[in-house]
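Engineer: Sequence:
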Amino acid sequence: MLALLMPASRASPPLIPPSRPCSAIAASISWRRSGRRWSKAWLRRLAKGSPLSGRSCISIILAQACRRGNAALLQLGAQLNHGGMHSMTGFGQARVSYEGGAIEVQLACVNHRSCQIQLRSELRDLGFEDQVRKRLREGLQRGAVTLQLNLQRDQIEVFNSYELQALYRRLAELAAEVGAPQPGIEAALPLLSRSGNSGSSEAFDEALLSAGLAAVEQALAACRERRAEEGEAIAADLRQRAADLGRLVAAMAQRAPQRLGPWREALRERLREAGVEGIDPELLARECALAADRIDVSEEMTRLAAHLSALDELLASPGDQAVGRPLEFLLQELGREVNTTGAKANDAALAALVLEAKQVLEQIREQAANLL
204 MLALLMPASR ASPPLIPPSR PCSAIAASIS WRRSGRRWSK AWLRRLAKGS
254 PLSGRSCISI ILAQACRRGN AALLQLGAQL NHGGMHSMTG FGQARVSYEG
304 GAIEVQLACV NHRSCQIQLR SELRDLGFED QVRKRLREGL QRGAVTLQLN
354 LQRDQIEVFN SYELQALYRR LAELAAEVGA PQPGIEAALP LLSRSGNSGS
404 SEAFDEALLS AGLAAVEQAL AACRERRAEE GEAIAADLRQ RAADLGRLVA
454 AMAQRAPQRL GPWREALRER LREAGVEGID PELLARECAL AADRIDVSEE
504 MTRLAAHLSA LDELLASPGD QAVGRPLEFL LQELGREVNT TGAKANDAAL
554 AALVLEAKQV LEQIREQAAN LL
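204 is the number of the first residue of the sequence shown in the numbering used here; add one for each residue after it.
You may find that some hints are simply not true.
[As the list claims (entries may be wrong)] Ranges between beta-carbon positions, derived for each pair:
(1) 369 to 333: 29 to 35 Å
(2) 424 to 549: 52 to 58 Å
(3) 340 to 381: 56 to 62 Å
(4) 442 to 298: 33 to 39 Å
(5) 442 to 409: 18 to 24 Å
(6) 472 to 562: 29 to 35 Å
Note that these hints are calculated values from the structure, not bench results. Beta carbons: idealized from backbone N, C-alpha and C, even for Gly.
Using the sequences and the hints, build the whole thing.
Structural biologist: Put into structure tokens, the structure is as follows:
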């Protein structure tokens, strides 16, 4: 892959460890596109063990793939982007019992450009929350995530026996000081509840934390399953809309060469109306050739065909490939080519096809925004 991306006329960059293929490919693309200064700086970072961020590499790879119409490079960007053809919208819940109660977790995720996590947990343990955040980032990757964890204790409350004994001893000392009868152990229970320490040791109990992590994993699995189901439905809709866009592009390519004849006749009619007679046929042919060059959209049609082919391959990707970010780049390029075609249309029929293609592209873009 690196050999295909590197120009033969330039000196080869230093060798890059194969353990960092994403950074290696991004650096080689930069070497070709941005010159030696930038690529050498990146390679120095790689040599020092500081690879480029994954998002930077993926963005570079996908951008280059779209500009070149390179479906293989686009697929590579999708593979490096991890994940699957999932929606970013999902919901999952789970309930796990433990000795003394149960833990209930509700997990909801909606669209977001990055991974934004909000935790509402009754387990006040920073280490536990860090583990949960890490697991959610690994499992969901993108989306605005809200996790609610509720701790449900049994009716017989589990309390800290050491705290109870300390409170009882203090009560006994106070009773002795004032000459009151010695209280029973039950007199310390209300004080224990008011102290706010009831169950404080339980919050940090390993068994409780393990139950919490298990509940999070179950809710995460349910959420991912829902995301996969919705993602497949969205993908089916995208395939249909991509087919509609392909038919429109084919109609645009068929209509484009037919514009010159009517334009030539319209020019002759305007000249006759202006009273111009005896126009040199060679001069008229030259003017028509210049106009044909100005409104030529053959390059746009070629690039649109290449991007549509890449879109079909991307939507046919296996379930273990993410398509959200690659689709964003691809739709940007498709929109650019359609807009250029519209600017050069100079024909009502072609302009109508361009307008319809823009509408389909917008529908695809709205659906693609839901995909991981």
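Engineer: Now look at each hint and say whether the structure bears it out.
Structural biologist: Results for each hint:
1. 369 to 333: 29 to 35 Å: Holds - the Cβ-Cβ distance for residue 369 and residue 333, about 31 Å, lies within 29 to 35 Å.
2. 424 to 549: 52 to 58 Å: For residue 424 and residue 549 the Cβ distance comes to about 56 Å; the hint holds.
3. 340 to 381: 56 to 62 Å: Taking Cβ atoms as reference, residue 340 and residue 381 lie about 58 Å apart, which means the hint holds.
4. 442 to 298: 33 to 39 Å: Since the Cβ atoms of residue 442 and residue 298 sit about 38 Å apart, the hinted range of 33 to 39 Å holds.
5. 442 to 409: 18 to 24 Å: About 49 Å separates the Cβ atoms of residue 442 and residue 409, which means 18 to 24 Å is violated.
6. 472 to 562: 29 to 35 Å: holds, 33 Å
In summary, the structure is inconsistent with hint 5 from the numbered list given earlier, while agreeing with all the others.
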